[in-house]
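S.K.: With the hints as constraints, model all of the structure from the sequences given.
Going line by line, the protein sequences match chains A and B.
Per my numbering, the very first residue in the first sequence carries number 1; after that it's consecutive.
Per my numbering, the very first residue in the second sequence carries number 1; after that it's consecutive.
Heads up, some of the hints might be wrong.
As the list claims (entries may be wrong) - In the PhoX-like style, the derived pairs of lysine-lysine whose C-alpha atoms are separated by at most 20 Å in a straight line are: (1) 313(A) - 6(B); (2) 397(B) - 429(B); (3) 257(B) - 611(B); (4) 183(B) - 204(B); (5) 6(B) - 143(A); (6) 204(B) - 186(B).
To be verified - One side only, chain B facing chain A, incomplete, derived with CB under 10 Å: (7) 4; (8) 53; (9) 55.
What the hints assert, rightly or not - Part of the chain A face toward chain B, derived, beta carbon under 10 Å: (10) 142; (11) 292; (12) 315; (13) 336.
Hints were generated in silico from the structure; no laboratory data involved.
Keep in mind it's a predicted model, so treat the numbers as computed, not measured.
C-beta: ideal position from N, C-alpha, C; glycine also.
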Amino acid sequence: MSMSLSGAPVQLGLGRKLLRLNWALPILLAIVSLVGFAMLYSVAGGDFDPWARAQIIRFTVGFLGMFIVAMIDIRLWYKAAWPFYIFAFALLIAVEFVGTKGMGAVRWIDLGPIKLQPSELMKIALVVVLARYYHDQRPDRVKNIFLLFPPLLLIALPAALVIKQPDLGTAVLLCAGGVAIMFMAGASLWFFGLLVVGAGVLIYAIFGSCGQDWQILKDYQCRRLTTFLDPASDPQGAGYHITQSKIAFGSGGYSGMGYTQGPQSRLDFLPEKHTDFIFTTLGEEFGLIGALTLLCLYMVILFIGLMATLRIKHTFGRLVATGVCFTFFCYFAINMAMVMGLAPVVGVPLPLVSYGGTSMLVILFAFGLLLSAQVHGRVPFKKRTDA
Amino acid sequence: MIDRRKIQAATNSRFTRRGLVLFGSQLGLAGILGTRMYQLQVTENQQYAERAERSRIRPRLIAPVRGEIFSRDGTPLAENRQNYRVVMVREQTEDIQLSLKKLAELIKLDEARQEELYEIIRKSSPFAQVLIAENLTWDQFADINANAPALRGVSPEIGLTRHYPEADIAAHIVGYVGAPNEKDLKRAGPAKGLLKLPGMRIGKNGVEGIAEEGLRGTAGLSRVERDVHGRTIRELFRQEGTQGDGLDLTIDLELQKYAMERLGDESGAVIVMDINDGDVLALASTPGYDPNNFVLGLSQKQWVELRDNEKNPLTNKAVAGAYPPGSTFKMMTLLAALENGLNPTDGHFCNGSLWFGNRFFNCWKRQGHGYMDGVSAIKNSCDIYFYEIAQQVGIDKIAEVSRRFGLGIEPQIELSRVKSGVMPDRNWKESVLGEPWYKGETLNAGIGQGYTTTTPLQLAVMTARLANGGYDVSPRLIRGRNGERIKPEPLRSLGINPDNIALVRQAMSAVTNEQGGTAFRSRISAIGKEMSGKTGTAQVRYISAAERANGVRKNKDLPWKLRDHALFVAYAPTDKPRYAIAVVVEHGGGGSAVAAPIARDVLLHAQYQGKPPPDAVPSDAVPFWGHDPLGPV
Numbered sequence: 001m002s003m004s005l006s007g008a009p010v011q012l013g014l015g016r017k018l019l020r021l022n023w024a025l026p027i028l029l030a031i032v033s034l035v036g037f038a039m040l041y042s043v044a045g046g047d048f049d050p051w052a053r054a055q056i057i058r059f060t061v062g063f064l065g066m067f068i069v070a071m072i073d074i075r076l077w078y079k080a081a082w083p084f085y086i087f088a089f090a091l092l093i094a095v096e097f098v099g100t101k102g103m104g105a106v107r108w109i110d111l112g113p114i115k116l117q118p119s120e121l122m123k124i125a126l127v128v129v130l131a132r133y134y135h136d137q138r139p140d141r142v143k144n145i146f147l148l149f150p151p152l153l154l155i156a157l158p159a160a161l162v163i164k165q166p167d168l169g170t171a172v173l174l175c176a177g178g179v180a181i182m183f184m185a186g187a188s189l190w191f192f193g194l195l196v197v198g199a200g201v202l203i204y205a206i207f208g209s210c211g212q213d214w215q216i217l218k219d220y221q222c223r224r225l226t227t228f229l230d231p232a233s234d235p236q237g238a239g240y241h242i243t244q245s246k247i248a249f250g251s252g253g254y255s256g257m258g259y260t261q262g263p264q265s266r267l268d269f270l271p272e273k274h275t276d277f278i279f280t281t282l283g284e285e286f287g288l289i290g291a292l293t294l295l296c297l298y299m300v301i302l303f304i305g306l307m308a309t310l311r312i313k314h315t316f317g318r319l320v321a322t323g324v325c326f327t328f329f330c331y332f333a334i335n336m337a338m339v340m341g342l343a344p345v346v347g348v349p350l351p352l353v354s355y356g357g358t359s360m361l362v363i364l365f366a367f368g369l370l371l372s373a374q375v376h377g378r379v380p381f382k383k384r385t386d387a
Numbered sequence: 001m002i003d004r005r006k007i008q009a010a011t012n013s014r015f016t017r018r019g020l021v022l023f024g025s026q027l028g029l030a031g032i033l034g035t036r037m038y039q040l041q042v043t044e045n046q047q048y049a050e051r052a053e054r055s056r057i058r059p060r061l062i063a064p065v066r067g068e069i070f071s072r073d074g075t076p077l078a079e080n081r082q083n084y085r086v087v088m089v090r091e092q093t094e095d096i097q098l099s100l101k102k103l104a105e106l107i108k109l110d111e112a113r114q115e116e117l118y119e120i121i122r123k124s125s126p127f128a129q130v131l132i133a134e135n136l137t138w139d140q141f142a143d144i145n146a147n148a149p150a151l152r153g154v155s156p157e158i159g160l161t162r163h164y165p166e167a168d169i170a171a172h173i174v175g176y177v178g179a180p181n182e183k184d185l186k187r188a189g190p191a192k193g194l195l196k197l198p199g200m201r202i203g204k205n206g207v208e209g210i211a212e213e214g215l216r217g218t219a220g221l222s223r224v225e226r227d228v229h230g231r232t233i234r235e236l237f238r239q240e241g242t243q244g245d246g247l248d249l250t251i252d253l254e255l256q257k258y259a260m261e262r263l264g265d266e267s268g269a270v271i272v273m274d275i276n277d278g279d280v281l282a283l284a285s286t287p288g289y290d291p292n293n294f295v296l297g298l299s300q301k302q303w304v305e306l307r308d309n310e311k312n313p314l315t316n317k318a319v320a321g322a323y324p325p326g327s328t329f330k331m332m333t334l335l336a337a338l339e340n341g342l343n344p345t346d347g348h349f350c351n352g353s354l355w356f357g358n359r360f361f362n363c364w365k366r367q368g369h370g371y372m373d374g375v376s377a378i379k380n381s382c383d384i385y386f387y388e389i390a391q392q393v394g395i396d397k398i399a400e401v402s403r404r405f406g407l408g409i410e411p412q413i414e415l416s417r418v419k420s421g422v423m424p425d426r427n428w429k430e431s432v433l434g435e436p437w438y439k440g441e442t443l444n445a446g447i448g449q450g451y452t453t454t455t456p457l458q459l460a461v462m463t464a465r466l467a468n469g470g471y472d473v474s475p476r477l478i479r480g481r482n483g484e485r486i487k488p489e490p491l492r493s494l495g496i497n498p499d500n501i502a503l504v505r506q507a508m509s510a511v512t513n514e515q516g517g518t519a520f521r522s523r524i525s526a527i528g529k530e531m532s533g534k535t536g537t538a539q540v541r542y543i544s545a546a547e548r549a550n551g552v553r554k555n556k557d558l559p560w561k562l563r564d565h566a567l568f569v570a571y572a573p574t575d576k577p578r579y580a581i582a583v584v585v586e587h588g589g590g591g592s593a594v595a596a597p598i599a600r601d602v603l604l605h606a607q608y609q610g611k612p613p614p615d616a617v618p619s620d621a622v623p624f625w626g627h628d629p630l631g632p633v
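M.R.: Given below as structure tokens:
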């Protein structure tokens, strides 16, 4: 067995890998998914069908997949980063032409049994490619201003395509994940200062453009924004989601109405109760205690993820882990903010809980990557500069 | 090498630093989320919980069961009958037309009606029950039940509808129910919600109308949970309403039936009243109508027929028919004169006419009655005597006494559209017509003609107050509520000298029981059951002097609408009176020939509690029915 300079083994046996694996993370992910099954069972009126059973199957598949990904050497992902990104990008372009419409947006490529959502794939590809990009740079040059442009381009191109679908939620997730990686990679703080200002201007422009000739967003997106700012302006239409969600969530109180007893969800007052608005049902049925518990579970996952990230010795692994954690955070934070009326309705699911195959698989896949980086935290990379 | 390590260490510490910063900001955002949860679920919980309640829970009123109405012997006059009906819910069938077609094989449902129903169902809410047919027979209902699986969306139901088993016999007393109209809703106040319930009926007429509030009962309340589409999910709370009051009427059903039958095809009214407690034992008005038709909804044809019938079946003539009292008023004129000092034995000579002012006032008997005193004037119904005494006592005093007997005053009875008639005097004419009173009018008023009008009910009340010795008995129709008797109002004296009343009663007895009395042929001969009465014939048309000179046309030669009204008031038994009666036959001809026999027969039935023996009437009695235009007035 050859040893690297830092003393870590170059190749690990499967047994060693499993031993090194941070088991707390899979366990916590499984617990959150269990909460999801329970909620899907509840919103179906106390029935495994039509959602809970399907979700359990997907979870089982995804969960096993996660371990397989975790066992695969992280360097393989490093090598595959660019092709992976290009592949995902190509699919994003392809979806424009052969995609299937759903909810007013072109998002899927129908491959028979599987509906492929290239934007979900891109979430991972972007994380991997940015990690590789920074891994390849000399550490003393990361603050160089010219090095900002390639990553920004890598983020902006897919984000633009996703916005065009249109899927504002995923675009936000892509941008947030990418920028988080840039931050962790050590990009100049000045840049982030500028970014905040720039984002402010952009948001102002987006809001200002609604109803103007140079409107940036689609009409329905504009409506969602207006509605978010003033749900009462359209209580039966676009504001209905937010209003009903707040009513159901707010009526939960401290301890909720009891499992499967949430009247608003049961009586169909709540739209999208099994997907984007499942947190509302949880709040209605389990109250503040349930909602805070779930939030804490998510934060514990993040904390454990951070601790694991900090132990990884190589830049690629660190940045991949960072990207996964931050995207995960964006998922639940945006979803919770959305259903509680703090953010516009942008269509971001509650990770591991909302019904939906792709997002479940992607999240578990992403955590597989994180675990892989964690397991292979000390493997040596052949650096281009060294070669 | 050292340099690169340094850089590596710096990179590492920057990564850790930034990682902590990032996690710190995530914690901060999570804190905001947690705060928002607290805000929504704890601080603003009340508000959202209330809004959730409001949007999902609807209170729904449950219609109470309407109180039933019974006759004196407990026979139902208005009851709630199970109504087998069939409703359809759009959501429960894929093919409305097919379901209707299949249903049409079991019940009568022609194509046009199917088409109509299809339109109604198509436009109604998917969960709303639409009434397809009601009042089905048990067999039809059972058929539908048996075929339920094939009839998708169709469900048989049992509801309650009002039913009047006696149909037209008591229609004018009991009245009928109908769907509330705009005016009813406006008047309803807090009960508006109840009235708006589908299928809700309220009393429109008669006792049903007057006692509506008691009969209606109080609504029950049900709180149902509904989903966002308005579909009822479950009932959370239910409080049944209380049934309305059951009412016991004073009506003696057998007597009522007989009175209606006795009036037959005539247009008229009969009222029988207990002279002591005011119980109305019979209140007949013909023609009647079947109130059940109103509950089911009248067809256009039925409605037009009822409305255009010249005998006005929809009018309760007993309380809403105002007729000139004619000679039945003469007791009032006599009593007013006696109260004001007339000596009843002082007489006047009748030679057939009286010159007063600038014209003749005629007696109905053109050859005259000869010498008449108080008693014989009533017995013979001599007009001249009453012209004389009316003129002496004056209209105001006649009106004052008459009002004490209920004339010109709206009777207190549990019916709607009750008329008060007219009892004219100087003030009345001044204020209503704006003209002074002419003395000649007093003469006309003295024989019950002119402005004076009375309803049959008022005549019955007048007769009852004479028969009971001058007490203010008032008619009533309701004598019990929920099985408990309602005590009649205690009687107060009208303040009339009993001797004067005794004299009037003596005169009324002479009318029927003495040879030569105007209604002698309609007397009752059974000992202890005799009746006393007074005939009346109310002129409907004006008889000109020329016609009088050439001979007054006989009733039988006139068109029905121009014939005189026949009236008769009576009480029985003569010695110990118990029942008072008033009979009016519109355009019937003479009171003695037409109205008196009816009164006799009804009073016999009242006294015998059924069919009287044949020897209760003398052999020379006016036969069962017959117009005798030659008979005395």
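S.K.: Give a verdict on every hint.
M.R.: Each hint tested on the structure:
1. Proximity of residue 313(A) to residue 6(B) is assessed by CA-CA distance (about 15 Å); at most 20 Å being required, the pair is judged to hold.
2. Between the alpha carbons of residue 397(B) and residue 429(B) the distance comes to roughly 15 Å, so the proposed pair stays at or under 20 Å and holds.
3. At roughly 12 Å between alpha-carbon atoms, residue 257(B) and residue 611(B) fall within 20 Å of each other, so this suggested pair holds.
4. In summary, the hint linking residue 183(B) to residue 204(B) is supported, as the alpha carbons are separated by about 12 Å, within the 20 Å threshold.
5. This hinted pair checks out: residue 6(B) and residue 143(A) have alpha carbons roughly 16 Å apart, not beyond 20 Å.
6. At most 20 Å may separate the alpha-carbon atoms for a hinted pair to count; residue 204(B) and residue 186(B) meet this at roughly 15 Å.
7. Hint status for residue 4(B) relative to chain A: holds, with the closest Cβ pair at about 8 Å, below 10 Å.
8. Taking 10 Å as the C-beta contact cut-off toward chain A, the hint placing residue 53(B) at the interface holds, the least distance being around 8 Å.
9. Of the supplied interface hints, the one on residue 55(B) holds, with its beta-carbon coming within about 6 Å of a beta-carbon of chain A, less than 10 Å.
10. Look at residue 142(A): its Cβ gets to within about 8 Å of chain B, closer than 10 Å, so that hint holds up.
11. Hint on residue 292(A) holds. Least Cβ distance to chain B is approximately 6 Å, under the 10 Å limit.
12. A hinted interface residue such as residue 315(A) counts as satisfied when its beta carbon comes closer than 10 Å to some beta carbon of chain B; here the least separation is about 8 Å, so the hint holds.
13. Checking residue 336(A) against chain B: minimum C-beta separation of about 5 Å stays under 10 Å; hint holds.
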